[in-house]
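In the order they appear, the protein sequences are chains A and B. For the first sequence, this note's numbering assigns the number 1 to the initial residue and increments by one for each residue that follows. For the second sequence, this note's numbering assigns the number 1 to the initial residue and increments by one for each residue that follows.
In short, the hints are calculated from the structure, not lab data. Beta carbons: idealized from backbone N, C-alpha and C, even for Gly. Keep in mind that a hint or two might mislead.
Stated by the list, open to error - Using 20 Å as the maximum straight-line C-alpha spacing, the simulated EDC-like pairs for lysine to aspartate or glutamate come out as follows:
1. Lys158/B <-> Asp106/A
2. Lys158/B <-> Asp113/A
3. Lys99/B <-> Asp279/B
4. Lys30/A <-> Glu93/A
5. Lys158/B <-> Glu108/A
6. Lys30/A <-> Glu57/A
7. Lys99/B <-> Glu227/B
8. Lys99/B <-> Glu225/B
9. Lys382/B <-> Asp264/B
Said to hold, decoys possible - Which chain A residues face chain B? A few, computed with CB under 8 Å, are given here:
10. Pro49
11. Phe73
12. Leu78
13. Tyr81
14. Ile97
15. Ile129
As the list claims (entries may be wrong) - Chain A regions said to be covered by chain B (calculated; three or more residues, Cβ under 8 Å):
16. 9 to 16
17. 57 to 70
18. 82 to 93
19. 99 to 109
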Amino acid sequence: MNPSESAKSPRLFSPYDAPMWESIAQGCMKLQWCPDSNEFRYPPGPACPVSLSMEYEWRPISGKGRIISWTVFHRTYLPAYPAPHLVVAVQLEEGPIMVSHMAHSDLEHIRLDAPVRMVYVDHPDGYRIPSFVFDAVA
Amino acid sequence: MDSSTSSISAVVGVGHTDWVEDYKRVRSGEKPHDSYGYATQAFNCALRDAGIARDEVDGLIVGPTTAYERMGEILNIDPRWGGQADAIQAVLQAVLAIKSGMAEVIALVYGNDQRSAAVQYGGPEAMGGGAFLSYVYHSAWGLTSQGALYALMYQRYKELNGLDDSTLGQVAVAQRQWASLNPNAIMRKPITMEDYLGSAYIAEPLRLYDYCLINDGGVALIVMEAERARKVAAKSGTKPVYIRGIGRADLNSKATSLGPRLLDFYLPAQNKAAKQVFDAAGLGPKDIDALMVYDSFSPHILFALEGFGYCGVGEAGEFIARNGIGVGGKLPINTGGGHLSESYMQGWNHQVEAVRQARGGLGNRQVPNCRHVQYTSDVAGKAMSVIYGA
Chain A
1 MNPSESAKSP RLFSPYDAPM WESIAQGCMK LQWCPDSNEF RYPPGPACPV
51 SLSMEYEWRP ISGKGRIISW TVFHRTYLPA YPAPHLVVAV QLEEGPIMVS
101 HMAHSDLEHI RLDAPVRMVY VDHPDGYRIP SFVFDAVA
Chain B
1 MDSSTSSISA VVGVGHTDWV EDYKRVRSGE KPHDSYGYAT QAFNCALRDA
51 GIARDEVDGL IVGPTTAYER MGEILNIDPR WGGQADAIQA VLQAVLAIKS
101 GMAEVIALVY GNDQRSAAVQ YGGPEAMGGG AFLSYVYHSA WGLTSQGALY
151 ALMYQRYKEL NGLDDSTLGQ VAVAQRQWAS LNPNAIMRKP ITMEDYLGSA
201 YIAEPLRLYD YCLINDGGVA LIVMEAERAR KVAAKSGTKP VYIRGIGRAD
251 LNSKATSLGP RLLDFYLPAQ NKAAKQVFDA AGLGPKDIDA LMVYDSFSPH
301 ILFALEGFGY CGVGEAGEFI ARNGIGVGGK LPINTGGGHL SESYMQGWNH
351 QVEAVRQARG GLGNRQVPNC RHVQYTSDVA GKAMSVIYGA
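With the rest of the complex left out, here is chain A (with noise of 0.2 Å):
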């Protein structure tokens, strides 16, 4: 990582959110997986939710996913999102839903269980962020 880069993070919302964070940085995002139960988990958290295991492994993810739901801002909460803004729930080839956002130009071919993959994206406060765009798939 860019060391001129660590200074501008986004919230952290417990310490296991940072390796997260600098995943996403490098451009490989990896979520916690547990060797006892093969689960990944999201949020990171400091325990595998089925096997309470407290032992983990950072590991990259596909970066695979489908449309599970999405929804346009049509009022600007935050200035680094202006209004029309399309967020979406994406489920991960490896199980956990993610929200994240897509371009507002996709809204018109969006639709449930549209294949997506994971692109990385520079948030305006300084930072890396995982997107989403259609995957073409054959």
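Chain B: place on chain A using the hints.
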């Protein structure tokens, strides 16, 4: 099923602040009271309604927006049992305290100066994250409001069931119809489906009319052990309204990654809470004369109808169209106007309306032969319910 919590307690007094007047005053820049002031006003009204003296109160539950000790200090109540809870949890806890003999006369008081204090439910300073991580965790992507979480939930429901915008519009239109008959309601001007469909999206598919109001106010209830309630009511000439059953089931697993919300619409929790509350009361959905649903956003009503067994999964829109939930409908819902049109008292005003409907005498908004009123809430997957009956 255990029905030992059934009819052991009753609401003997309800009170609230003047939501309409305070809404006007706050909009014109005044600050009539803080949260404690509103709660105190409501408490005084509830005591008068119950016809009891303050010193009879031996239990105190305060809402989440006031500190327990300071509230007790202001009301000068040193109870033998107390706590802090949201509306439905407060009712459930009062029943359990009475059941276990910890208290006999419990004051439930709530005050909230959310509008005059400019409390933010969305945006960078959104509140609620301390209790529910899902309310704030996704802010880096621009999702910050509870309304947007319901928008995500309803969008999926809408797609799965192939619905158009007018399905959800039925809720706001019906509740405004009720509010137009309620002098305590802040928004009383009737709206049509055309008005609804012409209103702006906030977090699409939710429109302005799908959102609750934000206003100042307070609510209080006096819950009493049933035998004592009968005596008190006989003296004051009022009807005690019994708590016939309570139910609760929570979904915490995967709450922040939204699984129970987006994949299950909280139905498993509502199903369990429904079984508990109906079994305890010895009743079913067909016995309920009026339904009160926690409605920070209008989709709550559809999910509650399905979760509590009033109709099948995916059928709520059709159920509403066929039966009617507004004035003259077969299943009156949120007959005071609810959070959308009466007042946003975070579930507390629904208890007052339920009690008043069960007592009877509400004039042109009285539900005829109203014997059983159910209240349900599903805040962040915590499904809870109570059935009131006179």
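Hint-by-hint comparison with the structure:
At roughly 19 Å between alpha-carbon atoms, lysine 158/B and aspartate 106/A fall within 20 Å of each other, so this suggested pair holds. A C-alpha spacing of about 14 Å is found between lysine 158/B and aspartate 113/A, which places the hinted pair at or below 20 Å, so the restraint holds. Taken as a hint, the lysine 99/B and aspartate 279/B pair is honoured in the structure, with Cα atoms around 18 Å apart against an allowance of 20 Å. For the proposed pair lysine 30/A and glutamate 93/A, the alpha carbon gap of about 13 Å is at most 20 Å, so the pair holds.
Using a Cα cut-off of 20 Å, the hinted pair lysine 158/B and glutamate 108/A holds, with the two alpha carbons roughly 16 Å apart. Between lysine 30/A and glutamate 57/A, the direct Cα distance comes to roughly 9 Å. Compliance with the 20 Å bound is thereby established for this hinted pair. Between lysine 99/B and glutamate 227/B, the direct Cα distance comes to roughly 12 Å. Compliance with the 20 Å bound is thereby established for this hinted pair. At most 20 Å may separate the alpha-carbon atoms for a hinted pair to count; lysine 99/B and glutamate 225/B meet this at roughly 8 Å.
Distance hint between lysine 382/B and aspartate 264/B is fulfilled; the C-alpha atoms sit about 13 Å from each other, no more than 20 Å. Taking 8 Å as the C-beta contact cut-off toward chain B, the hint placing proline 49/A at the interface holds, the least distance being around 6 Å. Interface restraint check: phenylalanine 73/A against chain B, minimum CB-CB distance 6 Å, threshold 8 Å, status holds. Because the closest C-beta pair between leucine 78/A and chain B is about 6 Å apart, less than 8 Å, the hint holds.
For tyrosine 81/A, the shortest C-beta to C-beta distance to chain B is roughly 4 Å, which falls under 8 Å, so the interface hint holds. Annotation: interface hint on isoleucine 97/A holds; nearest CB of chain B at approximately 5 Å, less than 8 Å. At its closest, the beta carbon of isoleucine 129/A sits 6 Å from a beta carbon of chain B; the interface hint therefore holds under the 8 Å criterion. Check result for the stretch 9 to 16 of chain A against chain B: holds, 3 residues qualifying (beta carbon to beta carbon below 8 Å, three or more required).
Under the rule that three or more residues need a Cβ within less than 8 Å of chain B, the assignment of the stretch 57 to 70 of chain A holds, with 3 such residues. For the stretch 82 to 93 of chain A, the stated coverage by chain B holds: 3 residues have a C-beta nearer than 8 Å to a C-beta of that chain, and at least 3 were required. Three residues within the 8 Å Cβ limit are the bar, and the stretch 99 to 109 of chain A against chain B gives 3, so the coverage statement holds.
Checked against the numbered hints given earlier, this structure breaks none of them.
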